[in-house]
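Residue numbers (my numbering), protein chains in the order written: chain Z, -2 to 410; chain A, -2 to 410.
Because the hints were derived from the structure by calculation, they are not lab data.
Don't take every hint at face value.
Identical copies go unnamed one by one, so any copy, or any two together, can satisfy a pair.
When the alpha-carbon atoms are kept at most 30 Å apart in a straight line, the in silico BS3-like pairs for lysine-lysine are as follows [stated by the list, open to error]:
(1) K8 <-> K174
(2) K215 <-> K91
(3) K145 <-> K170
(4) K401 <-> K3
(5) K174 <-> K12
(6) K364 <-> K146
(7) K174 <-> K3
(8) K145 <-> K3
(9) K376 <-> K146
(10) K336 <-> K295
(11) K174 <-> K401
(12) K295 <-> K170
Remember, predicted model here, so these are calculated numbers, not experimental data.
Number of protein chains: 2
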Amino acid sequence: MKEFFKVTDLKQVLKYAADFPYVETEEIPLHGTSGRILAVDIVSDINLPDFMRSTMDGYAVLAQSTFGASEGNPAYLNIRGAVNMGTVPSFTVKAGEAAGIPTGGMLPEGTDSVVMVEHTEAIDDVTIEVYRSVAPGQHVIEVGEDIKKGEIILSVGRKLRSQETGLLAALGKEFVKVYKRPVIGIISTGDEVVPITDIPGQGQIRDINTYTLSGLVKEAGGIPVSFGIVRDDFDDLFEKSSTALAQTDMVLISGGSSVGMRDFTTEVLSSLSDSGHDSDILAHGISISPGKPTILAKTGNKAFWGLPGHVVSAMVVFAIVVRPFIEQISGLSPQHEKKPKLTAFLSRNISSAQGRVDFVRIRLIRKDGVLWAEPVLGKSGLINTMVKADGMIEIGINTEGLDKGTEVKVIAL
Amino acid sequence: MKEFFKVTDLKQVLKYAADFPYVETEEIPLHGTSGRILAVDIVSDINLPDFMRSTMDGYAVLAQSTFGASEGNPAYLNIRGAVNMGTVPSFTVKAGEAAGIPTGGMLPEGTDSVVMVEHTEAIDDVTIEVYRSVAPGQHVIEVGEDIKKGEIILSVGRKLRSQETGLLAALGKEFVKVYKRPVIGIISTGDEVVPITDIPGQGQIRDINTYTLSGLVKEAGGIPVSFGIVRDDFDDLFEKSSTALAQTDMVLISGGSSVGMRDFTTEVLSSLSDSGHDSDILAHGISISPGKPTILAKTGNKAFWGLPGHVVSAMVVFAIVVRPFIEQISGLSPQHEKKPKLTAFLSRNISSAQGRVDFVRIRLIRKDGVLWAEPVLGKSGLINTMVKADGMIEIGINTEGLDKGTEVKVIAL
């Protein structure tokens, strides 16, 4: 009655991500692009700014008119006029002259710099004293200094933040081509699992995984679609899986942690086909803990996951294994996806088995100015351990454990 | 022509956040709660689980039946039956007996632990050999081990992640009371600013701030509402501001960085009133750079901001000053809002003026296994410097600068 399955190395499983194609692209209004993945290179068709702009309130001058100016020996300049915001100055400025200019104003012809108003004094309506010299280009944004015409300013696969959205606004991109958010189907399984609206009978529990996985899918940039709860029944699981496969870009079956259900899931994953492509089981067991009994199949072009039923295991597998696959099909460029991680010091010794990568839930605690990672102990069936956790740490495959005080990288949860 | 304004200390400005009340609450379906702020304490009305549950596939036993068992000296147990998932076992198990049980199954009466199937061998249909002893409670989740009935499991002000949503699912919370997402009005000002759909004439630029600020509002959990662009006109600004104030929970006016516009903004902020409450200017200038010419007014119960027009300044002020106010009115508990920050080493010396807090954009670079924070140089009017930046670092108010190699905390951007 012993059960064996040959686990696949975590690194090998992660490599399979590259085998799955990107989702399609769509054009969306600029205001909705924050957090989305750019599907084209963006080349600037303008210089930004395309006129020389003041960064200060003051006077536009030819810098050489101010050379040598000081409090004791001010330069006297004639006021040639004043620049109005948003318009082209109607006059030119010569050496020895100045023009009042507001922040953001366009420098008049003949000027190359701006003297801050704080460093001047108006003598009368037509003359100012200047107490400091400025260099050419000082307090000015040059033509194309922000963005040069023809420059690739954002490249395909980049995740757009607020500032990238702002940059696209500066270029007048009312619509932007991004990758669609991948649609991820979620199926919960288990004869003991009931909908959250039910009052569970003895021996039953409410469906947690649909909710935790839906939340994680959203955080990963996907759109979760729940296909409900399937009992331990091959035909039902096969039918729901086929439907989910047809309607989504990736499917997560959670549960099936009992031997019977796991067998069903494996059988269903093997039997599925999509657009004439059969299902190919890429991994049946992964060398991680928790999360070892994870199954990954490729059906046509889509990833199909059998995740463990324990709520913690399913979340850990999602964070470590599934999420990179979602990011891959989302079109996210790997160079943009790797964020440096917070580090902390381990608050106690933890042991670990060799031959697998362990993920340990931790809480972050600041003590005496030092950030400590304190392991949250508890079985992988306990959702409260995830609620208490701020993150996870990884204990490498060839490591027997980590000593108290070891510096660890924190995977945010 | 010199202009003075008495800046308010950053810490003092941040303290004003507590003066603004929370937005209202709403009941929303559980699947939409991820990222939202809980508006009530959640007390569990059940034990989770409310039955003793197996965490393994194996045999439910009374632990003492296995004491002393080993490979060389197995315990022989009679199979009393098998537990079906999701149902109450119809039999009891005595010492010397065992019942097959799947992961997640309910332990039969008389048992207190589970022997893993890997540590057993079936001799025939009614007898198993057990090769290892188990302790009472082993491979079992006890009644209430995850959550105890009557326990406060989540407290008001907590930001809900996927795992909290899962916990609420376990309790059958189909709807959850959360704070509404605060609605934040955004007004861009400046005679040189044109809508992004326009082709800017000479001296004009497209409206960037509406887009960067909208993105930041969303990231902060708010709902941005744009009220368009206002020219340098008191009446127009007053009218748009009044409308925005009536329709939102907080208003951001960006721009007004020229003296004229700044004067208008101050005048408008002073003149506004909401529900009979006048406008009170709390800060006119903040001791930070960039972002010094920021204005904060309290009109009735609402915060009204005059942000600098430079795109970088506006973003920095948002991240450092405005965001905490949005979090405050969102009901976020301060104990949940303070996340530890990534640290890095400064890649070069930077100087800074005393008497203000400087925020320096940085790029993160990993070199020789060390994470370096490399300052991104460039004027605060250049959006590309924000696009290049991964974060910011803070240089304290009494610091003249930081030396290369100093460990710095990174404020994510």
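Cross-check of the supplied hints:
no. : hint          : verdict
1   : K8 <-> K174   : neither (32 Å within a copy, 42 Å between copies)
2   : K215 <-> K91  : neither (60 Å within a copy, 48 Å between copies)
3   : K145 <-> K170 : within (16 Å within a copy, 54 Å between copies)
4   : K401 <-> K3   : neither (33 Å within a copy, 50 Å between copies)
5   : K174 <-> K12  : within (27 Å within a copy, 42 Å between copies)
6   : K364 <-> K146 : neither (51 Å within a copy, 32 Å between copies)
7   : K174 <-> K3   : neither (43 Å within a copy, 46 Å between copies)
8   : K145 <-> K3   : neither (55 Å within a copy, 38 Å between copies)
9   : K376 <-> K146 : between (58 Å within a copy, 19 Å between copies)
10  : K336 <-> K295 : within (28 Å within a copy, 38 Å between copies)
11  : K174 <-> K401 : neither (49 Å within a copy, 41 Å between copies)
12  : K295 <-> K170 : neither (37 Å within a copy, 35 Å between copies)
Violated hints for the displayed structure, listed by number in ascending order: 1, 2, 4, 6, 7, 8, 11, 12.
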